[in-house]
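S.K.: Sequence:
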Amino acid sequence: MSDLISRKEFIKKSSGAAISVGLMGGISTMLISCSRPALDLLIKNGSIIDGTGKSEFPADIGIRDGKIVAIENYGILKDDNSIKTIDAKNLKVTPGFIDIHSHTDTGLFINPNAESKIRQGVTTEVAGQDGSSVAPRKNNSDDDDEYEVGNKSWSTFPEFFKLLEENKTAVNFVTFVGQGTLRGFVVGQDDRIATLEEIEQMKKLAMEAFDQGVFGISSGLEYTPGSFASTEEISELCKVMKNRGGIYATHMRNEADTVLEAITEAIQIGKAAGVPVNISHLKLQGKANWNKIDQALASIEDANSNGYRVTFDRYPYTAFSTGLSNLFPLWSRDGGRERFLERLQIKNDLIEIKKYVLDKVASLSSWDAVLIAGVKKENNKKFEGKTIQQITLETKEDPFEFTRKLLIDENGSVSMCGFGMNEENTSRILAHPLCMVASDASARATYGKLSEGSPHPRSYGTFPRFLGRYVRQNNIVTLPEAIRKITSFPAETLGISNRGVIAKGKMADVVCFDYENIIDKSDYVNPHQYSQGVQYMVVNGELVIEKSEHTGKLPGQILRNS
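Under this note's numbering, think of the first position of the sequence shown as 1, with each following residue one higher.
If you are wondering where the hints come from, they were derived from the structure by calculation, not from laboratory data.
Among the clues, some could well be false.
Unchecked claim - Derived SDA-like pairs: lysine to any residue, alpha-carbon spacing no greater than 25 Å straight-line:
#, residue 1, residue 2
1, LYS204, GLU166
2, LYS506, ASP87
3, LYS242, LYS287
4, LYS287, THR322
5, LYS521, GLU384
6, LYS271, GLU208
7, LYS162, ILE496
8, LYS138, LYS376
9, LYS382, LEU344
10, LYS292, ARG428
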C-alpha cells in the first residue's frame, strides 16, 4: 500500500509540477483551474477615452469574469497572463455605446446577433419607446402582428424577459413601459377621457412594470391611442416613478407647427410628476419651423436652470421615419386600425382627410419628401426605396389616392421616411451639452428577414455617422465629449451605475474603433450596408466583434431597474 498517496498529497505534489511544465492535455480540470491566467482578455496599446468627457490617455485594460479589473500603463499587464489579447494600437478604446432610444425588441428573436447595431459599437439597446412596449398586452391586442414572433407568446415583462434570456442576444437589453400600451390595455383604442378608475388601473400596471425592471415610462403622443391622453392624465401616470428612479421619455405631441407648445407640455409633465424628462429625437420639422431652434433650446435650458432635469436625444440625419398613417389626422385613427381603414373608404370623411394630408405633405415640401420604406405584400415591394412623387409620376396616379389605396392594401401598415429637417439645426442639436445620440431604430441585418424593406439608414449608421461625419469631419464637439454623449451620459440618465465608463469594477462593455476611418455606409437608396470602423467589441467581457467580424457570441444581458 506504500505506492498509494492521499488525494490531498497528490494535489500538493502534482500542482507544482504542472505549473512548472505548463498546461498540457490530460491535466485535470481542477489543475487547469488552479493555473488559470489572471485575465480573460487583455486590450493593449489602445488610446482610452473613458466616457466621462476627459481627455484620452494611453493604457492597457484587463478584463476578467465580465468586468474591468485593471487599467495600467503600457506593458505592465502581460500577454502570457491573459487567455486572449487584443492589440488596439492606433485604435480608440471606449465604453460600449448605449442607444438610449431604440426599437430593437422582438427583432432579437428573429436575429439575436443584432448585426447592424453591434457593428456600430452599440452594446446596450433601450427599447419600449414612443409609447409602445412589449408588455403588458392581451392576446387580442391590436398589435399582435407586430409582437408575435414564431411560436413565442407573452403577456407580461417577466414572460418576455424569460423568452429573451432563453433565446440569448448579443446586446444588453433595457426597456421602458409604453404609456400608449398601458392606455390601449385599459381604455382601448378610442378617443375618450380615461375615468379615474382607469387611470388608477394604468398606474397599478405601471408600478408592476417597475417592480419587474423597466426604467421609465415612454409616450408617443403623435400615435394612437396614447395621443388621446390629456397632459393631466400623463402627469398622474408618471407620478408612480417619483420614488422609483424612472424617467419620462416622450415623443412629443407635435414636432412641427406646435413644437414649442409640445416642449412646454413635456416639461410640465415632468414638473407635475416630479420626474426627469427626456425628449425623444428633438427636431423642428418643416422649413417653416426651422427658425424656432433658439426658442426650443432656451425652453429646455431654462427648465434645467430652474432645477428640473430635462434632456433630449437625436439621430444624425435630416429625415425622420414613421408610419405612413401618421400623415393622417388623429381623429381618422380613432378606434384603431379597422376604423381607420373604414374611414379611408368613406367619401364624406375623405374630403377632410385629404385636406389634412395635403397640408402636412406641403409642410415637408412635396410628395418627393415622402419615401416608402417598408411594406409587407410582395406586389408592393417595388415601391420600397422610392418617393411617392417618383412612384406616381410612373403610375400616373394622384399621390393622395395612391397613398390611400396602399394603406388599405397593406392593412394600414406601411413605414415611411420623411425629409423635413435641416443640417444646421441637426448639428446644433447634436452638439448641445444636454443632447444624447440615439438611433430611433431597430437592429437589422444584410441577410434573412431583417434585410427586407428599405429602412431608414439610421438602423445601420447612426453612431459611426455621428463620430465620422459630425465629429471627425465637422468638429461639432470634441471626441471625448462625443463619447460621453453615447456612453456615460445615457447610463447616468437611466441610472445604470455599472456601465458607461472605462473604470475598474465596471462591466466590460468595450469598443475598439479606428477613428480615422469610422463612418456610415448605409443610405436611403441602399440602406442594407454595415458601417465601417469598429474593429473589436466586448459585451460583458466576451468578444462579439473581432477584426470587424461578428463572432456569433451572445453574451447580452437583460438589465433591470432596481
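S.K.: It remains to establish, for every hint, whether it holds in the given structure.
M.R.: For each hint, the structure was consulted:
no.	hint	verdict
1	LYS204 / GLU166	violated (28 Å)
2	LYS506 / ASP87	holds (21 Å)
3	LYS242 / LYS287	violated (38 Å)
4	LYS287 / THR322	holds (19 Å)
5	LYS521 / GLU384	holds (19 Å)
6	LYS271 / GLU208	holds (23 Å)
7	LYS162 / ILE496	holds (21 Å)
8	LYS138 / LYS376	holds (24 Å)
9	LYS382 / LEU344	holds (23 Å)
10	LYS292 / ARG428	holds (12 Å)
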